[in-house]
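Please take these sequences and the hints and turn them into a complete structure.
For the record, the sequence lines run as chains B and P.
Taking the working numbering, the leading residue of the first sequence gets 1, the next gets one more, and so forth.
Taking the working numbering, the leading residue of the second sequence gets 124, the next gets one more, and so forth.
Bear in mind the hints are in silico, worked out from the structure with no lab data behind them.
Worth double-checking, as some hints may not be accurate.
A partial selection of chain B residues facing chain P, derived with a Cβ cut-off under 10 Å [to be verified]:
#1 E40
#2 G51
#3 L60
#4 P62
#5 T63
#6 T75
#7 N76
#8 R83
#9 R85
We put the CB at the ideal spot given by N, CA and C, even for glycine.
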Amino acid sequence: MYNQNKVYLCSMYSSELIKGTLKTIILKLLSENGKMYGYEITQKVKELTDGKIQLTEGALYPTLHALEDDGILTTNAVNVGNRIRKYYTVTKSGKKLATEKVNEYQDFMNTMIFLLDLKPNLG
Amino acid sequence: MVVLTEQQVTFILDEIKRNGIELEELQLNLLDHICCVIENEMLADQDFGEFYHAIIPRFFKRDLLEIQQETDLLLTFKHYYAMKKVMIGSGIFSAITFIAGAFLKLMYLPAGSALLVLAVSSFSLLFLPLVFLLKAKEVKVKREKITLSVAAIFAILFSLSILFKIMHWPGANILSMTALGILVFVFLPIYFFGGIRNAEARTNTITTSILILSAGGLLFMLTSIKPSRRVNFLHYTALQQLNESYKYATAQTKMLSVDSATASNKLKPDFTELHNSCDELCHKIETEKNRINEYITAGQDPKQDYEEVFYDYATDYDVPNNLLFDNLGNPSSHLIAIKNDMAHLKTLLKEKYNKRDIAILNIADADSYGNPEKEIVPWEKAKFYHVPYGLVMTNFTQLQLDVRMIEASCL
Numbered sequence: 001m002y003n004q005n006k007v008y009l010c011s012m013y014s015s016e017l018i019k020g021t022l023k024t025i026i027l028k029l030l031s032e033n034g035k036m037y038g039y040e041i042t043q044k045v046k047e048l049t050d051g052k053i054q055l056t057e058g059a060l061y062p063t064l065h066a067l068e069d070d071g072i073l074t075t076n077a078v079n080v081g082n083r084i085r086k087y088y089t090v091t092k093s094g095k096k097l098a099t100e101k102v103n104e105y106q107d108f109m110n111t112m113i114f115l116l117d118l119k120p121n122l123g
Numbered sequence: 124m125v126v127l128t129e130q131q132v133t134f135i136l137d138e139i140k141r142n143g144i145e146l147e148e149l150q151l152n153l154l155d156h157i158c159c160v161i162e163n164e165m166l167a168d169q170d171f172g173e174f175y176h177a178i179i180p181r182f183f184k185r186d187l188l189e190i191q192q193e194t195d196l197l198l199t200f201k202h203y204y205a206m207k208k209v210m211i212g213s214g215i216f217s218a219i220t221f222i223a224g225a226f227l228k229l230m231y232l233p234a235g236s237a238l239l240v241l242a243v244s245s246f247s248l249l250f251l252p253l254v255f256l257l258k259a260k261e262v263k264v265k266r267e268k269i270t271l272s273v274a275a276i277f278a279i280l281f282s283l284s285i286l287f288k289i290m291h292w293p294g295a296n297i298l299s300m301t302a303l304g305i306l307v308f309v310f311l312p313i314y315f316f317g318g319i320r321n322a323e324a325r326t327n328t329i330t331t332s333i334l335i336l337s338a339g340g341l342l343f344m345l346t347s348i349k350p351s352r353r354v355n356f357l358h359y360t361a362l363q364q365l366n367e368s369y370k371y372a373t374a375q376t377k378m379l380s381v382d383s384a385t386a387s388n389k390l391k392p393d394f395t396e397l398h399n400s401c402d403e404l405c406h407k408i409e410t411e412k413n414r415i416n417e418y419i420t421a422g423q424d425p426k427q428d429y430e431e432v433f434y435d436y437a438t439d440y441d442v443p444n445n446l447l448f449d450n451l452g453n454p455s456s457h458l459i460a461i462k463n464d465m466a467h468l469k470t471l472l473k474e475k476y477n478k479r480d481i482a483i484l485n486i487a488d489a490d491s492y493g494n495p496e497k498e499i500v501p502w503e504k505a506k507f508y509h510v511p512y513g514l515v516m517t518n519f520t521q522l523q524l525d526v527r528m529i530e531a532s533c534l
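Right, dumping it as C-alpha cells:
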C-alpha cells in the first residue's frame, strides 16, 4: 500500500539510511521549538544539519497532515500578508510520542554502533 | 526580500489547483511554502514567472499531484490496515460460527440458530462491506467501482435472504427476489456492456455473463421452490376432510338443538347462551381464515379457486405470520379475541355444564411445532407463530370442529 521507496528526502545520505526518521525529526523539532510552519521546518533541518539533510515538500506535508489526522499535531492558521500560514504545534500525546521516538532512535543508533563496531565520534 | 503582490499569490494558488491539489489545507500549505521560497530566494531583478517555473520542480519527482496522492495515502494508511484486520477477523469468525451453527442445527442441539444468525450477520454486515470498501480503494476506474458496489449489494442482500429463509423470518422471499433482480437487471448489464466493448475481454465477458445468468436462474429456482404438488395434495385433502367434518358437526348441532327444542318445547336458556358463544367463536375463526385467504390471493375471491390457492401457498410462512403477529412477535387483536372467547367458553362449560376436564379447546402454553428445544410458549404462538399457511388453516378449522363437538355434547 505505502510505497516505502517513495521517500522524498534530499540529502547526502542514501534514502535507506534516513527512511523512517521523518516523523521523529518533525516531532523533535516541534517539541523543542513550539509552533513552526512548513517552510520553517525545512529551513531548520537544513540549518541544523549543514544542508546534509533537506526535507522536501513532497515528504513533509503528507507527513504533517497524517500526524494532524492522528491527533499528534494541532494547527493554527494565521494571516500573513495576502495568504494563510499554518503553524503546527505538538499535542501532549505528541510530546510523549516524540520522546519515545527519539529514545527508540537513540537505542537503535547504539545497537548499530555496537553491531558495526564503530567508535562514537565525539568531536 | 521580495514581497509578492496579490496577483502573484493568486497566480500561485491557481497553479496549485490546476495541478490537481484538491485538499484545501494542502493548497494553503503549498501556497505559503512556495511564497516563502520565492520571497527568500528570488532576487529583486529576477522575473517572477521564470523563477516560479524554475523552483517548482523541486517540489515533486513527476508532478505536483503526487503530494496530494501521498497525503491521501498516508491519511488512509492507518485505517486501511485496521479495516483489513477487521475484515479478516470477521471472515474467520463468520466461517467458524457458520460451520458450528450449521452442525448444531443439524444435530438439533441448542444455540444452532443463534450461531447462524451471528455468522450470517457478521458475514453480511461486516465482512462483505469491508471487502467492498478495500477492493474499491484498489480499483481506479469508475465503471469498475460501480460494478463492485452493485455486486456487494447483491451479495449482502442474498446472504441476508438466506438467513431470513432459514430463520423463517418474514420478508425472506422479497429479499432474495430483490437480490436476484439486482444481479440480473443491474449487475449483469453493467458487467456485460462494460466488458463487451473490450475486444480482448469479449469472450471472457460473454462466458461469465452466461454463468451469472445460469447461477441466477438456479438460485431463483432454489428460492421459489415449493413442496411437490403431491405433498400439497395430501395437505389439501386433510384440510378438506377437516372442513367437511366441521360443516357436518355444525349441521348436526343445529339439528340436535332443534330436536331438543321440539322435544321439550323450548331450549334451556343456558344452551342459548352456549350456542351463541359457540357461533360467535366459530364466526370469528371463519373471519380470520377468510382474512388470510383474501390477503394471500391479493383480493381475488379465495373460494373461487381454493384448491389452487392451497397448492400455491401451503408452505407460505410470511402471510399468516404478518397477519397474525406484529414484527416483535406479539399476537394480533383478532387472535387474542379468539383466545379470550375460548377461555370464556371453557368457563361457561365448567360452570353451567360441569365439564371440567375438556381435552379439546386447550389454550394452555405448549411447545411449538418442530421445536427440538421443547421451549414452552403461549398457546397462540405454539399454534400459529412461524407456522405455514396450510397448517394455520388446518389449526383454525380443527378449532371450529372442536367447538361444534363440545357444543353438541352439551345438548
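(request) Answer holds if the nearest beta-carbon of chain P is closer than 10 Å to that of P62(B); otherwise answer violated. (result) Holds - the Cβ of P62(B) comes within 10 Å of chain P, reaching about 4 Å at its closest.
Q) Given T63(B) as an interface hint, is the shortest Cβ-Cβ distance to chain P below 10 Å? A) Check passed: Cβ of T63(B) comes within 7 Å of chain P, closer than 10 Å.
Margin query: Tell me if the interface restraint on R83(B) is satisfied: Cβ within less than 10 Å of some Cβ in chain P.
Written below: Result: holds, 5 Å to nearest chain P Cβ.
- Taking 10 Å as the limit, does the beta-carbon of R85(B) come near enough to a beta-carbon in chain P? Constraint on R85(B) satisfied, holds at 5 Å.
Interface hint outcome for L60(B) [beta carbon to chain P under 10 Å]: At 8 Å from the nearest chain P Cβ, L60(B) passes the 10 Å test, so the hint holds.
- Please verify that hint: T75(B), Cβ, nearest Cβ of chain P, below 10 Å or not. Result: holds, 8 Å to nearest chain P Cβ.
**Per-residue hint verdict: E40(B), partner chain P, C-beta under 10 Å** = 8 Å, holds
Would the hint on N76(B) stand, with a C-beta cut-off of 10 Å toward chain P?
12 Å, violated
Report task. May I ask you to test the interface hint for G51(B) with respect to chain P, counting a Cβ-Cβ separation under 10 Å as satisfied? Result -> 14 Å, violated
This entry does not satisfy hints 2 and 7, going by the numbered hints stated previously.
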